[in-house]
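Numbering (our numbering), first residue to last: 3 to 629.
These are calculated hints, taken from the structure and not from any lab test.
Worth double-checking, as some hints may not be accurate.
[What the hints assert, rightly or not] Lysine-lysine pairs mimicking DSS-like chemistry, simulated, CA-CA at most 25 Å apart:
id	residue 1	residue 2
1	Lys370	Lys611
2	Lys370	Lys179
3	Lys393	Lys129
4	Lys293	Lys75
5	Lys611	Lys593
6	Lys308	Lys95
7	Lys353	Lys393
8	Lys526	Lys466
9	Lys73	Lys375
10	Lys179	Lys126
11	Lys293	Lys376
12	Lys603	Lys466
13	Lys629	Lys510
14	Lys625	Lys603
15	Lys604	Lys627
16	Lys297	Lys370
17	Lys239	Lys126
18	Lys238	Lys129
19	Lys142	Lys358
Here the structure is a predicted model, which is why all the values come from computation and not from measurement.
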Amino acid sequence: MKPTLEQKIKSVFWTIFIVVAGVFFVSVFLRDNEHKKIMEPYGNTATVIGSLASEEAIPQYSYFVKDPNQKVKISAAAYLVGDLGTGEIILAKNQDKQFPLASVSKLMTASIAEELTGSEDTTKISKKALATYGRNGNLKAGEKIKLTDLIYPLLLESSNDAAEAIAEYFGRDIFIKRMNQEAIKLELSKTTFEDPSGLSPKNQSTVLDMFKFAGYLNQKQPDLFKITTKRSYSDKKHNWSSTNQFLLEDGYLGGKSGFTDPALQTVVSLFSVPLSETGDRHIAITLLQSKDRFKDVENILRYLSKNIYYGGEADANTAWVKERTDVPLVYDQDFVTLTFGGDIMLDRGVKNSVNKNFGGDYSTLFEKLGMLKKSDIVFANLEGPVSDAGKDMRNLYSFRMDPSVIPALAGGGLSIVSVANNHIGDWGRDAYADTLSNLKENEISYTGGGNNENEAEQPVVIEKYGMKIGYLGFSDVGPDWMEAKANSAGVLLANNSRFDEIVQNASKQVDFLIVSFHFGEEYKTEHNVRQEYLAHKAIDDGAKIIIGTHPHVAEDTEVYKNGFIAYSLGNFIFDQSFSADTMQGMLLEIKLGRDGSMAVKKNTVRLNKFFQPDKIITAKEEKVKFK
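Taking the hints into account, I'd like the entire structure generated from these sequences.
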């Protein structure tokens with residue numbers, strides 16, 4: 003059959019198409035082959051382009067200093083600030099020098115315990131563990147408790163008894179050996195452990211080793227740091243409250259602090275800090291031998307926010323165009339901010355309310371008092387012993403607060419308390435001495451008493467911005483039998499025959515002396531002659547500020563010569579709901595200048611029906627005009 007005309011046309015078309023296509027593909031092949039020969043020494047084109055693109059998309063970031071002349075004020079003998087993501091050291095001093103760790107040691111204790119412990123492993127709390135010095139985490143001899151639960155008092159309340167109980171379970175010597183083996187394994191070459199708690203001064207490390215360890219925990223055991231960000235934890239039998247000063251700090255990611263006399267204050271703290279346009283950086287701050295770790299960390303964070311940039315070198319000089327103006331410069335201030343609260347009593351109705359409404363969590367009482375964290379020093383009167391020891395002296399009203407309240411006080415921001423009042427001896431000298439021990443272990447200073455007469459008469463000296471602030475306390479309402487003696491713990495009484503000598507001696511040791519008195523008449527809103535006599539006498543002897551407690555209501559204030567007097571601050575936390583005046587108090591804020599000038603805010607703190615400070619009415623700042 004002969005092909006049709008249409009078929010012939012199609013045949014010619016396809017022949018021409020094939021020839022043209024063939025020529026095209028041959029030319030392309032030859033050209034491409036030649037191209038390949040040219041590119042061959044340099045490798046695959048896509049690889050080269052991809053590599054260049056990656057280098058451009060991921061620039062080499064580093065830390066840059068805006069103003070090298072600006073210095074950060076840090077009291078610690080050794081410190082290090084490092085990036086947890088890159089390992090880069092941002093700030094450092096004496097990074098390789100060994101110092102005692104104190105309770106920062108408990109991070110290693112917790113790490114080993116978590117690694118070795120099963121979810122159902124339990125231990126019996128021994129009397130030997132409970133005999134350990136310091137906070138016991140409200141543990142009882144003979145009670146059985148899960149090891150996983152013991153990590154909470156270990157990290158939240160820094161319980162030394164919990165540390166010992168954990169070590170005992172595995173065999174104390176074996177456990178400590180394991181702590182040291184882990185340090186070697188992690189190449190913490192200058193870190194050694196003698197005990198699981200940190201009481202031993204032979205528990206030593208460097209800020210560099212602690213930075214490395216923080217980085218390891220952050221990657222491998224992050225749940226331990228998460229525990230330290232909790233305000234409290236309950237296992238139904240116990241409620242443990244955090245003593246952590248940094249809980250309310252923006253960007254806080256967890257950490258652990260410590261204190262002993264040889265170690266001073268120590269800390270490992272993690273923060274998320276906005277240091278670049280690319281987002282927040284996770285950093286670790288480690289301090290050893292600090293005189294004031296909270297202020298040191300605060301100054302470091304301010305310095306980082308103001309003076310450190312993380313990014314590419316090309317942007318380092320221009321990134322400050324969008325400089326944040328809300329971050330203050332870091333320098334020695336010309337004033338200290340002092341806050342004073344009245345009577346704190348966390349027994350009786352307050353205790354019942356906390357157990358019923360807050361699950362036994364005393365830290366809840368302070369959740370609306372964030373302003374305390376902004377103050378340099380916070381003072382209040384501790385109306386009763388905090389102990390599980392002693393004998394009830396059978397007073398008409400007999401107070402004894404649970405030891406678990408002290409971590410709540412520390413976590414709430416209290417710096418110092420008066421232990422000179424009419425209820426502090428309600429459970430005898432043993433409970434009083436135990437109270438002093440509990441306060442010291444939780445790094446709350448006390449005035450108005452001591453373990454002996456000499457300690458009671460010495461002022462507590464706190465240095466801020468180069469200014470030495472002294473605190474001295476007296477009770478004018480007894481109990482007289484609880485007066486401190488040469489060899490027995492007790493209070494400092496206002497009727498002491500050496501009153502003038504004691505105040506004058508204290509004033510010589512400090513730049514500014516604050517004297518607190520537990521004096522006056524209950525529920526009176528105006529001071530009496532006796533209060534005025536003692537307050538004026540103390541100022542004549544060198545005091546600058548007089549703080550009164552006891553009346554349970556706020557009283558008047560007075561300027562006398564070059565001193566300021568608040569005759570009564572009323573209640574801070576108390577269970578006296580029978581009047582509006584007793585359910586509130588003055589929360590006094592004083593800016594004390596280096597030159598002795600003063601500005602005061604007579605704020606009002608109001609309690610709700612749960613005896614929780616619920617509302618702070620901020621007063622107008624007034625400059626004090628001295629006579």
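Results for each hint:
no., hint, verdict
1, Lys370 to Lys611, "holds (15 Å)"
2, Lys370 to Lys179, "violated (44 Å)"
3, Lys393 to Lys129, "holds (21 Å)"
4, Lys293 to Lys75, "holds (12 Å)"
5, Lys611 to Lys593, "violated (32 Å)"
6, Lys308 to Lys95, "holds (20 Å)"
7, Lys353 to Lys393, "holds (19 Å)"
8, Lys526 to Lys466, "violated (35 Å)"
9, Lys73 to Lys375, "holds (24 Å)"
10, Lys179 to Lys126, "holds (22 Å)"
11, Lys293 to Lys376, "holds (18 Å)"
12, Lys603 to Lys466, "holds (20 Å)"
13, Lys629 to Lys510, "holds (22 Å)"
14, Lys625 to Lys603, "holds (9 Å)"
15, Lys604 to Lys627, "holds (15 Å)"
16, Lys297 to Lys370, "holds (21 Å)"
17, Lys239 to Lys126, "holds (14 Å)"
18, Lys238 to Lys129, "holds (22 Å)"
19, Lys142 to Lys358, "holds (22 Å)"
Hint check: violations occur at hints 2, 5, 8; the rest are consistent with the structure.
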